[in-house]
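Peer 1: Chains as they are written, first to last, in UniProt numbering: chain H, 1 to 317; chain U, 1 to 282.
Honestly, I wouldn't trust all of these hints.
Said to hold, decoys possible - Calculated pairs, BS3-like style, for lysine-lysine (alpha carbon to alpha carbon, straight line, at most 27 Å):
1. H:Lys-241 - H:Lys-298
2. H:Lys-26 - U:Lys-60
3. H:Lys-48 - U:Lys-136
4. U:Lys-228 - H:Lys-48
5. U:Lys-139 - H:Lys-47
Keep in mind that the hints were calculated from the coordinates and are not lab data.
Predicted model, so just to flag it, every value in this text is computed and none were measured.
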Amino acid sequence: MKKYTNTGSKDTRSGFGAGLTELGQKNENVVALCADLIGSLKMDDFKKNHPERFFQIGIAEANMIGIAAGLTIGGKIPFTGTFANFSTGRVYDQIRQSVAYSEKNVKICASHAGLTLGEDGATHQILEDIGLMKMLPGMTVINTCDYNQTKAATLAIADYNGPVYLRFGRPVVPNFMPADEPFVIGKAIVLNEGTDVTIVATGHLVWEALEAAEALEAKGISAEVINIHTIKPLDEEAILKSVAKTGCIVTAEEHNFLGGLGESVSRVLALNNPLPQEFVAVNDTFGESGTPEELMEKYGLNAKSIIEKAEKVISRK
Amino acid sequence: MKPTTQQLTDFTTQVRRDILRMVHAVNSGHPGGSLGCAEFLVALYQSVMERKEGFEMDGKDEDIFFLSNGHISPVFYSVLARSGYFPVSELATFRKINTRLQGHPTTHDHLPGVRMASGSLGQGLSVAIGAAQAKKLNKDNKFVFALLGDGELQEGQNWEAIMYASAKKVDNLIAAIDLNGKQIDGSTDEVLPMGSLKAKFEAFGWNVLEVKEGNNLEAIIAGLNEAKSLSGKEKPTVILLYTEMGNGVDFMMHTHAWHGKAPNNEQLENALAQNPETLGDY
Numbered sequence: 001m002k003k004y005t006n007t008g009s010k011d012t013r014s015g016f017g018a019g020l021t022e023l024g025q026k027n028e029n030v031v032a033l034c035a036d037l038i039g040s041l042k043m044d045d046f047k048k049n050h051p052e053r054f055f056q057i058g059i060a061e062a063n064m065i066g067i068a069a070g071l072t073i074g075g076k077i078p079f080t081g082t083f084a085n086f087s088t089g090r091v092y093d094q095i096r097q098s099v100a101y102s103e104k105n106v107k108i109c110a111s112h113a114g115l116t117l118g119e120d121g122a123t124h125q126i127l128e129d130i131g132l133m134k135m136l137p138g139m140t141v142i143n144t145c146d147y148n149q150t151k152a153a154t155l156a157i158a159d160y161n162g163p164v165y166l167r168f169g170r171p172v173v174p175n176f177m178p179a180d181e182p183f184v185i186g187k188a189i190v191l192n193e194g195t196d197v198t199i200v201a202t203g204h205l206v207w208e209a210l211e212a213a214e215a216l217e218a219k220g221i222s223a224e225v226i227n228i229h230t231i232k233p234l235d236e237e238a239i240l241k242s243v244a245k246t247g248c249i250v251t252a253e254e255h256n257f258l259g260g261l262g263e264s265v266s267r268v269l270a271l272n273n274p275l276p277q278e279f280v281a282v283n284d285t286f287g288e289s290g291t292p293e294e295l296m297e298k299y300g301l302n303a304k305s306i307i308e309k310a311e312k313v314i315s316r317k
Numbered sequence: 001m002k003p004t005t006q007q008l009t010d011f012t013t014q015v016r017r018d019i020l021r022m023v024h025a026v027n028s029g030h031p032g033g034s035l036g037c038a039e040f041l042v043a044l045y046q047s048v049m050e051r052k053e054g055f056e057m058d059g060k061d062e063d064i065f066f067l068s069n070g071h072i073s074p075v076f077y078s079v080l081a082r083s084g085y086f087p088v089s090e091l092a093t094f095r096k097i098n099t100r101l102q103g104h105p106t107t108h109d110h111l112p113g114v115r116m117a118s119g120s121l122g123q124g125l126s127v128a129i130g131a132a133q134a135k136k137l138n139k140d141n142k143f144v145f146a147l148l149g150d151g152e153l154q155e156g157q158n159w160e161a162i163m164y165a166s167a168k169k170v171d172n173l174i175a176a177i178d179l180n181g182k183q184i185d186g187s188t189d190e191v192l193p194m195g196s197l198k199a200k201f202e203a204f205g206w207n208v209l210e211v212k213e214g215n216n217l218e219a220i221i222a223g224l225n226e227a228k229s230l231s232g233k234e235k236p237t238v239i240l241l242y243t244e245m246g247n248g249v250d251f252m253m254h255t256h257a258w259h260g261k262a263p264n265n266e267q268l269e270n271a272l273a274q275n276p277e278t279l280g281d282y
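Please construct the entire structure, taking both the sequences and the accompanying hints into account.
Peer 2: Encoded structure:
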């Protein structure tokens, strides 16, 4: 199988910060808003370089979403930054009415998504945000897998006219996507070709999927791995092309199985090619405190789980 | 040239007729608050705002307005149509299937004059602040106006916005509060007393103007012009507009009963008789 190398572990949020810094220099219409989490979102450089284009809102996320929507009317491209929980659940109606229904060009950038936020516990570990955002008509939903992809996505969404939810995280994870890999919204990336099972993974689970594929290969199982950074619009063609070959699929995400990537994939299969599917996702529960590794192990979101689900789904063919 | 007070009065009377006929036709909508704000919106669009011909979403180099209490859409639509944003005949489609004149205003159907969806309360002031800050970035010295309901101030997001606007010196923003003292379930004092809004806004660092005769065109224009004169001095300005819900229709005044209820045939006839046609019905 094709080997992906970790070129040096980094956090995905730093990829967002680096992308935003670059956008600050490249696009004078880009403005950034933050609700008292500049350091956590890695927005320091943008603030330092472009103080006039940076808006510290304070701990008032609803107001931040509204202000961002208003800024678009004057032709600005606002990037809002806070934790995923406060970027979505806390401000759902503001996003619904002032951004999505109003069709405003706001980029909602959310860090600390999922269990890997770690010790802060369930109040901050949102596992429902992909579902919340993908249900909004016109909303693009992106969940990136590493530093390089997060940076590339940050740059790409500035060139796209429409509301976007960009989800990334806190932990330091392998950085393996090529830095020059173009980011095309809605276009899945096949990382490894295989014939026995398709593994469709998003976010931090993509690296785990690669590790799982390597272990499966050692067992004589050929796994196709797809990095599906865009959950909406979903690259249905890539999924259908892959399952036509493998005949079964495992979806992997750091999210509740309800409302996540897995359900979106199920719909594609149900409508086009009903085939066995297994879910690597959180089983409709809240998270808790712990290290990211402990949590991912306890809630079954790692390479080990993907291997188990792959073997199970193959047995159901 | 600015219209005369008589011209504005005639305009307002026609707007009242539009409101009544629109809500009657679909037996739904919000006539009370719409009638209470007719003079304000007429004064704003016909006398105070510096507007460009046509409609561009970005509103660059012109004054722009946001309606936060979107349920008073009938008055907004009537004033927009009669100010030339879209054909007056389209008022007949209000709240009907496939209309651009949705129950609450939206940009979704590209109705000229509307820059933001509103209806879910409490969101308009934040949006207006964003638009005002964009104007500053664009070196655009025109104003952003916003209208909010008084009951709407019970929504917490407003107070985030009120705190922010003064802290960040958003001094090209003029907000008006439709102070009719009424909301769906009764008077604001019965539902949730808000105390002195003047003291609250002052404590939050705003210029506060009071227009005690909020249904008097000349008083409104004077208040808006005074608000404009206070701009550029590092403080946002709020106008507390003391209005009468249902103004201009005797049986709709002094009660919250017509907040969200349409008149029947007989009531419509009575209400229209009190507001004879001036500019021509749609």
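Peer 1: Indicate, hint by hint, whether the structure satisfies it.
Peer 2: A quick look at each hint next to the structure:
no., hint, verdict
1, H:Lys-241 - H:Lys-298, "33 Å, violated"
2, H:Lys-26 - U:Lys-60, "23 Å, holds"
3, H:Lys-48 - U:Lys-136, "19 Å, holds"
4, U:Lys-228 - H:Lys-48, "33 Å, violated"
5, U:Lys-139 - H:Lys-47, "20 Å, holds"
Violated hints for the displayed structure, listed by number in ascending order: 1, 4.
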